[in-house]
Amino acid sequence: MNRNFLQAGQKLARAFAKTLNEVNIGISLAQVERKALQYIKAEGGKPGFRMVDNYDWATCININQGVVHGIPDNTEVRPGDIVSLDMGLYYRGWHSDMAYTKEIRSSKHEIRNGEFLAVGEKALEKAIDQARPGNRVGHISKAIEETIGQAGYRVIPRLTGHGVGRELHQDPMIPGVLTGKVERTPKIKVGMGLAIEVIYTKGQPGIKTTGDGWTIATRDGKISSLFEKTVLVTKNGAKIITPYLF
Amino acid sequence: MAEEKKELEGVVTEALPDTKFRVKLKENDREIIAYLSGKMRMHYIRVVPGDEVVVEMGPYDENRGRIIYRL
Chain W
1 MNRNFLQAGQ KLARAFAKTL NEVNIGISLA QVERKALQYI KAEGGKPGFR
51 MVDNYDWATC ININQGVVHG IPDNTEVRPG DIVSLDMGLY YRGWHSDMAY
101 TKEIRSSKHE IRNGEFLAVG EKALEKAIDQ ARPGNRVGHI SKAIEETIGQ
151 AGYRVIPRLT GHGVGRELHQ DPMIPGVLTG KVERTPKIKV GMGLAIEVIY
201 TKGQPGIKTT GDGWTIATRD GKISSLFEKT VLVTKNGAKI ITPYLF
Chain C
247 MAEEKKELEG VVTEALPDTK FRVKLKENDR EIIAYLSGKM RMHYIRVVPG
297 DEVVVEMGPY DENRGRIIYR L
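Protein chains in written order, with the numbering used here: chain W, 1 to 246; chain C, 247 to 317.
Just so you know, the hints here were simulated from the structure itself, not pulled from any lab data.
No experiment lies behind these values; they were computed from the predicted model shown.
C-beta atoms are modelled at their ideal positions from N, C-alpha and C, and glycine is treated no differently.
Mixed in with the good hints there might be a few duds.
Said to hold, decoys possible - Under the rule of at most 20 angstroms between Cα atoms (straight-line distance), these lysine to any residue pairs were calculated in the SDA-like manner:
#: 1; chain 1: W; residue 1: 187; chain 2: C; residue 2: 308
#: 2; chain 1: W; residue 1: 239; chain 2: W; residue 2: 171
#: 3; chain 1: W; residue 1: 181; chain 2: C; residue 2: 284
#: 4; chain 1: C; residue 1: 270; chain 2: C; residue 2: 288
#: 5; chain 1: C; residue 1: 252; chain 2: W; residue 2: 7
#: 6; chain 1: W; residue 1: 187; chain 2: C; residue 2: 270
#: 7; chain 1: W; residue 1: 181; chain 2: C; residue 2: 265
#: 8; chain 1: C; residue 1: 251; chain 2: C; residue 2: 290
#: 9; chain 1: C; residue 1: 270; chain 2: C; residue 2: 295
#: 10; chain 1: C; residue 1: 252; chain 2: W; residue 2: 239
#: 11; chain 1: C; residue 1: 270; chain 2: C; residue 2: 254
#: 12; chain 1: W; residue 1: 239; chain 2: W; residue 2: 181
Unchecked claim - Facing chain W, from chain C, some residues (calculated, C-beta under 7 angstroms):
#: 13; residue: 247
#: 14; residue: 248
#: 15; residue: 250
#: 16; residue: 251
#: 17; residue: 260
#: 18; residue: 306
Stated by the list, open to error - Some, not all, of what chain W presents toward chain C, calculated at C-beta under 7 angstroms:
#: 19; residue: 160
#: 20; residue: 178
#: 21; residue: 182
#: 22; residue: 186
#: 23; residue: 212
#: 24; residue: 214
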């Protein structure tokens, strides 16, 4: 257990909560990005995503059919949008990573996707429960796949969670679907940092990369959602180091 | 930030028992063992040595993959 890793998580959790709070009607994604940078710096951290080759932003923001890796451009947030915010923070050698999706409300707009979003959060909780020493990555995948599937939605199999710690992306990959037998998936061990992600859609699970080379969207244009937390595996189970402070 | 399962192009070098194939990846000349995806089997798409294919790399094993497309 490294104190700087725990700090990287706490600092991200705080910066993330403040940034998410800015995501409202009329704000542009570029403005959200600027706020994120501000909050990350105020915590004494660095934007972890900028350390990814060719990615120059602190956040990935995805609206509606956008799934992941959305470059924060001048698009403005509108009522009814399903907006996913994904951020990473680097502190003293350690990375942390988290994401959340919310539906933008207004007095004229009724919440339409409450249940769709609630399922994702629930799947993340169940997945985190499985991140125990003695279990395998397949147990996490199965928890995500079953929770999302039972609600009638589809996990996007090509996009996965991942180990996190010294690197933003490290072994093991943590898919949201189980392929093959659980016993053939990697073991979960004490000390592992895991960025567990639930990435799913209302429609078909096919995805495509759009013109900017980064943003990934659903092929059928149906909305998608994303929830992610970084956990540290301890002998008593997973310790969430990036809680949702909102 | 999510990771994406890699899809790589390769050439089939050998057909193995059990509808598995040895595939040489174009990216780095590495040889892996790949099985035929269900969709391809369902549509009776034949794959023989010499075919260029797209392989979805296994998340857990760098030496394993799944043939998802014949070019």
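List, from low to high, the hint numbers that the structure doesn't satisfy. 4, 5, 6, 8, 10, 12, 17, 20, 21, 23, 24
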